[in-house]
Amino acid sequence: MAEAECPECASPISIAANTEVGEILSCPDCGTRLEVRSVTPPKLEKAPGVEEDWGE
Amino acid sequence: MKLALCYTIVSVENKMLLDSAKKRGVEMERLVDGEALLAITDKGKKEYDAILQRSVSYSRSQALTYYFEKQGTLMMNSYDAARVCGDKMLTSIELAAAGVPTPKTYVALTPETARQAAGKLGFPLVMKPTTGSWARMVHKINDKDALDAALESREEMGSPSQKVYYLQEHIDKPGRDLRAFVVGNEVIAAIYRHSTEKSGWITNTGRGGTASKCEVTPELREISLKAVSFLDEGIYGVDLMESASGLVVHEVNHTTEFRNSSPVTGVDIGDKMIEYFIARAKR
Chain A
1 MAEAECPECA SPISIAANTE VGEILSCPDC GTRLEVRSVT PPKLEKAPGV
51 EEDWGE
Chain B
1001 MKLALCYTIV SVENKMLLDS AKKRGVEMER LVDGEALLAI TDKGKKEYDA
1051 ILQRSVSYSR SQALTYYFEK QGTLMMNSYD AARVCGDKML TSIELAAAGV
1101 PTPKTYVALT PETARQAAGK LGFPLVMKPT TGSWARMVHK INDKDALDAA
1151 LESREEMGSP SQKVYYLQEH IDKPGRDLRA FVVGNEVIAA IYRHSTEKSG
1201 WITNTGRGGT ASKCEVTPEL REISLKAVSF LDEGIYGVDL MESASGLVVH
1251 EVNHTTEFRN SSPVTGVDIG DKMIEYFIAR AKR
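Residue numbers (the working numbering), protein chains in the order written: chain A, 1 to 56; chain B, 1001 to 1283.
Same shape as in the complex, but just chain B (with noise of 0.2 Å):
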């Protein structure tokens, strides 16, 4: 059986992955994703028969998971479960069509539209790229002048993509938001992430927030499991907040990072991972 790890650069994430492997005895192949050669033509055979997907790249990772699963490879997650978690709009989409409870979203495509948004959310508001990760470009809106600012700038930037305007209900979080770990159909682990004087209002452990355990209830591991019900059985990290009427669900992971997380879980969220990734090979 060959596997693989397929991956954009060397993460703390992937060293731990790449270990769990081989003290279980078995060794990946590594598939760099920017070293990759599509050879769409050619009459090639299978070349790997599971690779884990961990490309931190959106395109990249989109590429190479639609090209290996056409030549029969399980993908870890699959190209269609990818598409969906990495893009917000499409996840948003898929958390109400599933009636999973969700922050009052809207997408709009121009500026104009982008205020009509607005005018039904009220202020503060949270403005989000569609791609991207680790908080990058979320800005808490809280007036007229700041949404009209932040309009202006992305606008003016090059890419289609930031011209694509996700507003989102501000949800008043107690200064945490929660991350569990879904692997198969078990949510294996728990996290708070706090914001800190360092990360501001995110809470994002690569931004300086913190984290620290949080026990798995039966709420919390049932939405956790809708949430991903319309995504093909893998891995994921499901975010959540804790709103006035309970939890929500904002964002699902598709290559969760978890440094951060089997430390204060005390579960070995990389293992369970790989556990999982080899027996669905082995399938």
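The shape of chain A in the complex, shown without the other chains (with noise of 0.2 Å):
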């Protein structure tokens, strides 16, 4: 299990060894939505905002 850094709190997190790309995490902390930027180096970001036409 790799540890990358909520980019908003600095705090470490914990990436599964079947994360992808793209999946969207929540910072334990602080909350925030996070994007998976990068599995190998793991790199977060913050996760875009739910548009107007989002659904489903």
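Hints listed in this document are in silico derivations from the structure and should not be mistaken for laboratory results.
Heads up, a few of these hints could be off.
Straight-line alpha carbon distances no greater than 25 Å define the calculated DMTMM-like cross-link-like pairs of lysine to aspartate or glutamate that follow [said to hold, decoys possible]:
#, chain 1, residue 1, chain 2, residue 2
1, B, Lys1213, A, Glu56
2, B, Lys1272, A, Glu20
3, B, Lys1128, A, Asp53
4, B, Lys1002, B, Glu1233
5, B, Lys1128, B, Glu1027
6, B, Lys1140, A, Glu56
Beta-carbon label-pair distances, calculated as ranges [said to hold, decoys possible]:
#, chain 1, residue 1, chain 2, residue 2, range
7, B, Ala1039, A, Ser14, 36 to 42 Å
8, A, Glu5, B, Arg1259, 26 to 32 Å
9, B, Trp1201, A, Ala10, 38 to 44 Å
10, B, Asn1142, A, Asn18, 42 to 48 Å
11, B, Thr1041, A, Ala10, 45 to 51 Å
12, B, Ala1279, A, Glu5, 41 to 47 Å
13, A, Cys9, B, Trp1201, 30 to 36 Å
14, A, Cys9, B, Ala1244, 50 to 56 Å
Built from N, CA and C at the ideal position, the CB exists for glycine as well.
Starting from two chains that each stand alone, build the complex the way the hints lay out.
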């Protein structure tokens, strides 16, 4: 399991082995929604907000 | 055979779909909608045989689905189907035309005509945006003052689409509604979606509603299949409510979520979707 840093609060975040690029995680400390931009090396960025036309 | 899963973000559902395909010995390419470049004037050959379209963005989904469909790629769901499902007004028009029981609905294009619609519906009523999901900006409006406030807020918004007023009869449902999962010509599973203290009158599980198993009765099967009869064969989530006169359909979803539904129904909904998608791609 790799470890990344929350870009918002700098808390360490564990990245599970089966994590995919593009997956959305929540920082356990500050709750910010984060997008996995890279698995190796692990890199997180703030996830895009929900747009007006998003849905199922 | 080249198959792909198209998505905006890697949701839990999308991971489940990719895993199911892998277990069936099929490696699906990942097509991230935001990274796509549509080479419209290049004379390219068909890039994919079939794409399972799971974009959460309606506009991206429409662009990519039309583009790839024109190349001869099987898109699931099709452009025509997604266009109708992604727009509540079009869905209501098609449901009514097909004779599917559906709540009384009016669409107004100005606040004045929206008030006329409210006069016909009475209070409480429900006002929704025509696009979007997860009950975002879906308002239960109890009286004229609340309607005036909601209309004023919508008029102040920049997006012209927010000035299309979709008003619907409020169904006094018993604290729950239903979702039926239609895959091809089968209703493979259904759930009740219960409202909770957290979700308020709304039942969406993404908003705090909870799911429980619903038996697929002959009545539910019949109305659910009728609700997709005007769409190309594909994969849909049909939303229904229990009214005093029986089941009514209010929405059909073209990229239905199922993460909370598989555990309570005992049906591996994602795997059923993948099985069907691969079979259709081979046809």
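Okay, the hints, checked on the actual structure:
| no. | hint | in the structure |
| --- | --- | --- |
| 1 | B:Lys1213 to A:Glu56 | holds, 20 Å |
| 2 | B:Lys1272 to A:Glu20 | holds, 22 Å |
| 3 | B:Lys1128 to A:Asp53 | holds, 13 Å |
| 4 | B:Lys1002 to B:Glu1233 | holds, 21 Å |
| 5 | B:Lys1128 to B:Glu1027 | violated, 39 Å |
| 6 | B:Lys1140 to A:Glu56 | holds, 21 Å |
| 7 | B:Ala1039 to A:Ser14: 36 to 42 Å | holds, 40 Å |
| 8 | A:Glu5 to B:Arg1259: 26 to 32 Å | holds, 28 Å |
| 9 | B:Trp1201 to A:Ala10: 38 to 44 Å | holds, 40 Å |
| 10 | B:Asn1142 to A:Asn18: 42 to 48 Å | holds, 47 Å |
| 11 | B:Thr1041 to A:Ala10: 45 to 51 Å | holds, 47 Å |
| 12 | B:Ala1279 to A:Glu5: 41 to 47 Å | holds, 44 Å |
| 13 | A:Cys9 to B:Trp1201: 30 to 36 Å | holds, 35 Å |
| 14 | A:Cys9 to B:Ala1244: 50 to 56 Å | holds, 51 Å |
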